[in-house]
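Visitor: Based on the sequences and whatever the hints tell you, model everything.
Residue-level listing of the chains:
There are 2 protein chains.
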Amino acid sequence: MSLKQRYLDNLPLEEAQARYRAHLLSVGFGPKAETIPVRSACGRVLTRAVYAAICAPHYNASAMDGVAVKAKATFGASEQTPLTLQPEDYTVVDTGDPLPEGADAVIMVEDLIDKGDGVYEILSSVRPWQNVRQVGEDLCMGDMIAPSGTTLTPALCGALLAGGVTQVEVRKVPVVGIIPTGDEIVAPTSDPQPGDIIEFNSTVFCGMLESWGAKAVVYPIVKDKRDAIRAMLRQAVSDCDLVLVSAGSSAGRDDYTCEIIRSEGTVTVHGIAIKPGKPAVLGEVDGKAVVGLPGYPVSAIVVMEEIVRGLVALAGGKAEKAPQTLDCVLSKKIVSSLKYKEFVRVTIGKIGSRWSASPLPRGAGVISSFTKADGMLVIDQNCEGIEAGETVPVRLLRSKDELEHTLVVTGSHDPLIDEVTDLLRQNGEPFRVSSTHVGSSGAISAVKAGLAHLGGIHLLDTATGEYNKSYLKQHFPDGGAVLVPGVGRVQGLMVKKGNPCGIRSFADVARVRYVNRQRGAGTRVLCDYLLQQNGLSPQQIEGYDNVEFTHTAVAALIAAGNADAGLGIYAAAKIYDLDFIPICTETYEFLVREESLHDPMVEAFFRVLRSEACRKRLLEMGGYQLTKENTYADTSE
Amino acid sequence: MSLKQRYLDNLPLEEAQARYRAHLLSVGFGPKAETIPVRSACGRVLTRAVYAAICAPHYNASAMDGVAVKAKATFGASEQTPLTLQPEDYTVVDTGDPLPEGADAVIMVEDLIDKGDGVYEILSSVRPWQNVRQVGEDLCMGDMIAPSGTTLTPALCGALLAGGVTQVEVRKVPVVGIIPTGDEIVAPTSDPQPGDIIEFNSTVFCGMLESWGAKAVVYPIVKDKRDAIRAMLRQAVSDCDLVLVSAGSSAGRDDYTCEIIRSEGTVTVHGIAIKPGKPAVLGEVDGKAVVGLPGYPVSAIVVMEEIVRGLVALAGGKAEKAPQTLDCVLSKKIVSSLKYKEFVRVTIGKIGSRWSASPLPRGAGVISSFTKADGMLVIDQNCEGIEAGETVPVRLLRSKDELEHTLVVTGSHDPLIDEVTDLLRQNGEPFRVSSTHVGSSGAISAVKAGLAHLGGIHLLDTATGEYNKSYLKQHFPDGGAVLVPGVGRVQGLMVKKGNPCGIRSFADVARVRYVNRQRGAGTRVLCDYLLQQNGLSPQQIEGYDNVEFTHTAVAALIAAGNADAGLGIYAAAKIYDLDFIPICTETYEFLVREESLHDPMVEAFFRVLRSEACRKRLLEMGGYQLTKENTYADTSE
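For the record, the sequence lines run as chains Y and H. The numbering of the first sequence is this note's numbering, which starts it at 235 and goes up by one. The numbering of the second sequence is this note's numbering, which starts it at 235 and goes up by one.
No lab work stands behind these hints: they were computed from the structure. Just so you know, not all the hints are guaranteed correct.
[Said to hold, decoys possible] Each computed DSS-like pair below joins lysine-lysine, with the alpha-carbon atoms no more than 25 Å apart:
hint, chain 1, residue 1, chain 2, residue 2
1, H, K449, Y, K406
2, H, K406, Y, K584
3, H, K555, H, K406
Guide: The following block contains the structure:
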């Protein structure tokens, strides 16, 4: 490959969509029809009007259990002048039975007086066609049962069958093939080798495609070999309406997707001015759409939403629905490049009557940012960013109803919040919990700004040695928020099993590689306090600027050997089988706005926090001191 | 069976539901769990919290294409003091590659100056862990990925796989078995024999069950034989969580459902105070719910909605959603019995800003009433009825959005309305058409009352021989509505092929069995006019009171031999291969309120009515005279 080919286009999204659509329409890409049995057609869309082939009922049917008669023969019957029916005057019929030749009415069994020997007496006459479901009562042959474009409901399928229609022409469900590529890609496993990349993108794509009404077919993983990819692409193009080639869509050493699509067909666009998602390939082979997707999951998801969703709609003959949006107040300034239209995942919270949106990490590799995301903020290419406090429309990834029933918890990371969440769900509480880790200082700002119901904090006042209280006074001088007791928990230094660096006290971190917590975290405040106590300056600590956002992230880096020591809670050390040098016991409390205290969600949260089930879980995790206020016993190790 | 057993309970619905639920809970009926691969778990609900089994990434991965180095070794590099990297100082890495032992940073390929022989120069240093995705950047081992009760989204499935989780415990999808029973029941066909009842209920049930998140299994049709039904029920109870026995749920000669369920388990309720749907059996066998459903489709659908939907929710561990309702003005008085809670299908129309609901036929056998229904009006047992003009909450069977985009056409029956509807859908117009047959007089009332956008009318002024105009003047003396040209169409007498009764003119109907149209129909006005012209009185006409609502229904009865003659349009006679004796050509026009004239839906309707495509269809149907206003050519036969 020449150096020139290594550069991608940077086409504005709308132009890329329009060019691609125009090309696909020019080669006949679009909805197809198929004929299927009505019995399996529920939910499908008719491509042409359907008319009743027969009447329903298709014969004159008795509507009652009784006897079929000629109505005229009963005229004149009354209480004064009863009429006698001889066996030759009637035929016994059950509901649904066809009327015999000559009969045109049914007398209900309740109206027959049994005289024995098959002789009945009646005290009133019947009208012609009384108690009879005449031919066509429900549907008449030739009547249109449903026009083109109708989505078949269960009742409509019933009506079609009743009308003698057993097959219908419906829009074909678009079949989308997914080809995962890459030398490092392995099938899902819980025991990958270093360098193995677990292939989960195809599972994500399948779920998205199925929710859009397409059928997904996943092909076997293909190595980064031109011929292998080409052969699989050929196969998929012949099987499917649309083909997604996963990864290899950029312009690196092993990125063959674009080259192969071009050699087999046409590439309309290579590179879109979106972030994440730039290195996408929009191509066509044999009239089928072929899209090269970036390998990073978040990038791929954005391309799926912005490009592939529209293709599925086009292939399925459906109008693309505009995404639902909600106006939210942005909690934090976002800077955006003029080079791209940017897609930022956000959490959404409703505190009181105000909707707010808070940006999540923007890394393209971070699939977990999508699992926490409640919405997507789209920043136009010609916009340099959005200020905190601005009201912006956010595309919803969850229903508004679900978001209205969400308890927003933020602040210092502690796994106990997840455990309480799980117990709330197990109890069937009708709300979800959205939890983010912004540190103890972040919790104070968020509760102050009305961005969260609760904030977990553990902030040491280095002047008094007391936790939290002075911060409350400082930030809420006029009241308005209270501290609700949480737990005591043991903080300490986490080091590799066996303590290979021989760390004895905090002073020893000066001679090893440290991993720190982010600015604003309570654990960072503790670190700075301990440095000061030990007469150390940040510059003396290697790794002081290597920051993580959670206790488990710090533990993971020590376990991986990226660092030798870090502060964290016992529960994190235990998960990673690290040695733990206790340093202090801190008071982890919840900051709550006064007006939220009696919110049923907040009440349920604290009820569960103080439950026996929660106590059991915390004991199992270890390192928690259950405070007196919680009637918890001391369990420090 | 004794006579006593022929009577059913008449338990109020809420009591039947409560008793049945209590019984089922007492025998352990409820949600179950199963463990399935994450790859096929999208949309499923977690029964327990899931934690990351590994970190993601699970190794330190290069975030760029470039060379991996020890960061410290690059310190000091600058434009003034370039640094040289010898081949032993670095390792070439692609994005995603693991960092080799000892390396802790990556220099991007763009920042390398190639000096040949594998020697590179750099003009800036890299920080430790720069351009590296450290272990756990996305997910940390031990972190809770999702709590109990979470519905798995595509992104969550991706996160689970990224976290090394390949299997999850989820709520089992309830499996519902359907046993169709009945001697007369046959599989769907377009050529049934007299007495054959096409089995379409199971298709309706499958569609409903699947829309509620259950899996449906349809067993083969079983004859009305105790042992055969019992054996099939045993099989279904062992395979499924819930079993529906279709038909035989009442107390007639061949109704075995209740008796068999009772002999195999428990019957909690037999007979619910609802209409339609009374003869339902609520039972239990071996801890599985077994419901006997009425054979009439509309009754069965009501029992499905009111009873089975709740059971599926209970078995699936889901909260039952309250149905969406919309307040509508009732267009017509409804009388209801104090013996039942009644479920009335209605059409819903929005004309201007006013929502109205109009009752559909209430027959339990009329599946087509469900296909036309937009909503369900529920009338409490203690309510004797609802007056026209009252505002009532109606349960929606279509989305409010779809109903907002609905053109409401009513009035005299003519198949051309269905054809125009179909053409509108084929053109991709973004609205649907709701069309009901209430006769020409009904059209005037409906347009007057603001219940419809358009009304099709063909009303002869017997004094002038002119159509429609005098009626417009009479009903809209101050204006407010206009007549829009429709078509001319030939009315005539339909008689059996070959005219076996030798009918020559309308006077001949006095000596045969006639089938009439309903009061208010334009064709009824014509009939009465012709009777008068011929000096005949209604009493002289056999079948004058045998009325139908459409031209095809009249044709169907003549074809079936239920009547010998009836008035109707040529198109209907043609479908049923009847002989046709032309009587007159009438002016079929559309009555439109002035303010609706420029409604885009109304405009589209008339645009399509005057299109070449519509003209072609009308020519094919036959018997239409395309009026001058329509620039249609004369095509009378």
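Visitor: Which numbered conditions among the earlier hints are violated in the structure presented, ordered from lowest to highest?
Guide: Of the numbered hints given earlier, the structure breaks just one, which is hint 2.
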